[in-house]
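Enquirer: Here the protein sequences come in this chain order: A and B.
Residues 1 to 428, numbered by the working numbering, are exactly what the first sequence covers, in order.
Residues 1 to 428, numbered by the working numbering, are exactly what the second sequence covers, in order.
If you're looking for bench data, these hints aren't it; they were derived computationally from the structure.
It cannot be assumed that every hint is accurate.
A pair holds if it fits inside one copy or across any two, identical chains being indistinguishable in the list.
As the list claims (entries may be wrong) - Under the rule of at most 25 Å between Cα atoms (straight-line distance), these lysine to any residue pairs were calculated in the SDA-like manner: (1) Lys25 to Gly295; (2) Lys25 to Ser259; (3) Lys241 to His275; (4) Lys25 to Val334; (5) Lys25 to Glu292.
Protein chains: 2
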Amino acid sequence: MAAIQVRIGVIGHGTVGAAFVRLVKQQASAIAARSGVQLVIARVAVRNIDAHKNSLAADVLTTDAEFVVNDPTVDLVVEVMGGIDQARGLILKALSNGKPVVTANKALIATHGAELFAAADNAGIDLLFEAAVCGGIPLIRPLRESLRGEPIRRVLGIVNGTTNYILTKMSEDGASYEDALASAQQLGYAESDPTADVEGLDAAAKISIIASIAFGCNVVAGDVYSEGITKITAADIAIAKRLGYAVKLLGVTEFDKASGAVSVRVHPAIVSMQHPLASVREAFNAVVVDGEASGSLMFYGRGAGGDPTASSILGDVIDASINLNKGAHATLGVLSAPKLQPMSDTSCEYLLPLEVADKPGVLHAVTGVFARHNVSIRAAEQDGIGHGARLVFLTHNAGEAAMQACISELKKLDVVTHVGGLLRVIAD
Amino acid sequence: MAAIQVRIGVIGHGTVGAAFVRLVKQQASAIAARSGVQLVIARVAVRNIDAHKNSLAADVLTTDAEFVVNDPTVDLVVEVMGGIDQARGLILKALSNGKPVVTANKALIATHGAELFAAADNAGIDLLFEAAVCGGIPLIRPLRESLRGEPIRRVLGIVNGTTNYILTKMSEDGASYEDALASAQQLGYAESDPTADVEGLDAAAKISIIASIAFGCNVVAGDVYSEGITKITAADIAIAKRLGYAVKLLGVTEFDKASGAVSVRVHPAIVSMQHPLASVREAFNAVVVDGEASGSLMFYGRGAGGDPTASSILGDVIDASINLNKGAHATLGVLSAPKLQPMSDTSCEYLLPLEVADKPGVLHAVTGVFARHNVSIRAAEQDGIGHGARLVFLTHNAGEAAMQACISELKKLDVVTHVGGLLRVIAD
């Protein structure tokens with residue numbers, strides 16, 4: 001078959017944009033042979049022409065992103081500039097001009113997803129965003145297409161590579177949080193201001209997008225309860241390991257059939273060593289989808305980086321190109337308003353490390369607090385540490401509200417010198 | 001939106017067929033709300049009406065599969081009867097009648113895939129087969145769509161749950177092959193005649209389908225070199241573990257850029273304990289796709305069973321229904337004739353266990369054979385066993401032809417009492 005030419009306008013030429021342009025050039029003839037689509041990089045909008053003139057032709061380069069989304073010779077737009085407001089405006093413009101859009105912009109989709117999906121549906125063209133969640137891992141397409149009929153119960157994901165790298169170093173090498181973070185920064189996995197990663201904000205944006213697709217409702221980043229990993233110590237991880245668990249920062253979204261409520265949260269959690277997430281190491285990402293019929297599925301790979309992200313964008317670009325020429329497009333349907341489950345209504349088993357004074361009566365005082373809040377203890381361990389002692393409690397299933405009340409009261413006890421990072425146990 | 005009714009004709013009502021019919025009934029209204037497609041089970045062809053009359057309405061049941069594929073009130077056909085010749089005829093008939101087909105028939109796709117794909121393309125409708133490879137795992141769709149532009153180097157898969165269960169029991173419990181097989185049979189993971197699983201034939205059919213899609217060429221089951229797990233002992237697995245490896249039966253397909261040749265094979269292999277396939281336990285399946293841009297991706301889940309397989313079929317049915325109403329269809333394009341790499345041209349590192357007489361000069365005699373065939377030894381270990389000794393050799397990278405010649409000569413040595421199962425090392 002003769003290949004149909006599709007001219008791509010790329011907005012942004014940073015790590016991901018440049019990797020995408022390279023990949024298209026390298027793969028264009030193979031793609032034309034297999035898919036019948038001849039991809040051409042028609043325009044690339046950059047901030048500074050001089051910085052890119054060695055890698056891109058002069059007639060391709062522009063500093064005017066508006067020009068790219070309005071250019072009638074551009075068939076399809078790839079948005080890899082990042083940021084929210086300007087990107088939103090450009091994408092809406094491209095869609096209203098009849099150009100399908102492929103974006104890697106997680107923050108944008110996690111904030112204005114529903115508006116953008118509706119604009120694409122109205123225009124009858126594609127807005128695809130595989131690259132916005134977990135970089136190179138094909139996850140959004142399987143969720144929105146392969147699992148469209150699957151009754152999904154829960155999605156659990158290691159969706160932030162930086163924190164998984166830090167936790168891996170702390171677990172395998174016994175590194176402190178500070179040293180592991182420094183090592184992540186040295187390798188380029190963490191930014192100099194690591195807040196968005198280590199406080200779980202990046203993960204929150206991703207799990208909100210996943211929840212929206214898994215449960216067909218409009219969850220935004222701001223709906224997600226988030227706790228980061230800054231309170232987790234190497235000692236906590238070592239104790240969890242001894243009890244047969246791995247510590248992971250997880251994005252979790254669950255559907256409660258009885259109430260119809262959706263819980264969406266990010267927090268440190270522990271999974272059994274035999275759970276498939278336990279062996280996901282270093283900066284890799286992995287997402288487990290628990291379906292009623294499918295059972296547990298896991299999607300694993302590189303969640304960031306120029307080449308993996310470009311690979312996801314390219315898959316979407318080919319799909320959107322084929323759809324454009326067929327007059328077809330993918331749709332998520334109408335996303336309903338979610339009934340969000342407040343964090344205080346969730347329940348699970350908990351692992352709580354405490355540092356306490358090493359004197360008679362301490363265990364009695366501490367366990368009294370658990371008892372008053374009806375939090376039942378499944379196991380307790382004690383270690384000597386210098387002048388004090390470390391106590392670790394593993395509870396039976398308990399409500400979050402009760403557990404938080406228990407922690408507040410523990411903090412007030414004279415004999416408790418430090419309350420460690422709370423770890424929620426992921427049930428199988 | 002008003003839902004469009006799609007009437008499904010199901011051929012076969014065994015474990016998978018019955019699970020699919022149940023899942024459609026359970027999910028139909030949710031699917032209609034989210035996808036705009038109202039699925040109806042219109043016909044189910046069975047062998048014996050009496051055996052199914054309690055679970056299906058009389059006007060749905062028929063013993064005439066031809067009637068189902070010719071019935072003008074049937075919009076789409078699901079083939080879950082199995083077998084090759086009759087299923088092929090029925091699918092071709094359904095396609096020529098303009099009915100999209102979803103099939104779980106691995107043996108059929110691995111034999112007549114190219115013919116059936118071409119028939120679907122000619123009819124301009126879908127032939128989808130997610131369920132034919134690794135049951136409930138979304139793998140075919142990500143491969144054919146998300147990774148359409150990705151330069152794939154290699155695909156490695158644990159694609160047979162029975163053998164992975166057996167190897168897990170041998171590895172974790174030290175069970176013998178015979179005991180582990182008996183346990184698999186008791187749990188219903190293995191058939192009373194386990195040949196197709198333990199000799200790698202089931203895996204060969206699956207990896208041939210994967211190779212066809214990954215590399216866009218027509219590989220059939222008969223093209224695949226296969227070795228099973230019957231020669232592997234618990235002692236071999238224990239030694240591999242001591243050296244930092246897990247033993248897995250893998251389907252492997254690789255593209256050699258230099259020669260343009262595709263290698264497709266099934267054999268016991270060892271992977272580093274940190275490789276994501278190493279922690280895939282029991283009857284789970286997992287497939288690792290190594291792409292140049294994407295890096296390593298893994299797709300993990302249940303490779304068999306009624307409900308997981310039905311889940312994959314349902315995803316395909318919804319997709320084919322939407323496409324049918326749009327007049328669109330998915331295509332693999334034209335599959336080229338593959339240039340197959342003969343097994344003897346492959347190369348890797350090898351782990352070879354030998355049982356030898358425990359007397360002076362044995363090691364000298366044995367290593368002499370390796371030397372004569374230019375197979376260089378990276379490590380050797382010795383264990384006493386009763387009257388003899390067990391030697392284990394780990395080689396440097398060597399050609400398959402040289403390694404096989406080496407093994408033939410070792411078998412002829414008086415001092416070698418037994419040559420164990422050859423394990424090929426998977427490079428990272």
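Enquirer: Confirm or reject each hint.
Expert: Status of the hints after comparison with the structure:
| no. | hint | in the structure |
| --- | --- | --- |
| 1 | Lys25 to Gly295 | between (40 Å within a copy, 19 Å between copies) |
| 2 | Lys25 to Ser259 | between (51 Å within a copy, 22 Å between copies) |
| 3 | Lys241 to His275 | both (13 Å within a copy, 20 Å between copies) |
| 4 | Lys25 to Val334 | between (36 Å within a copy, 22 Å between copies) |
| 5 | Lys25 to Glu292 | between (42 Å within a copy, 14 Å between copies) |
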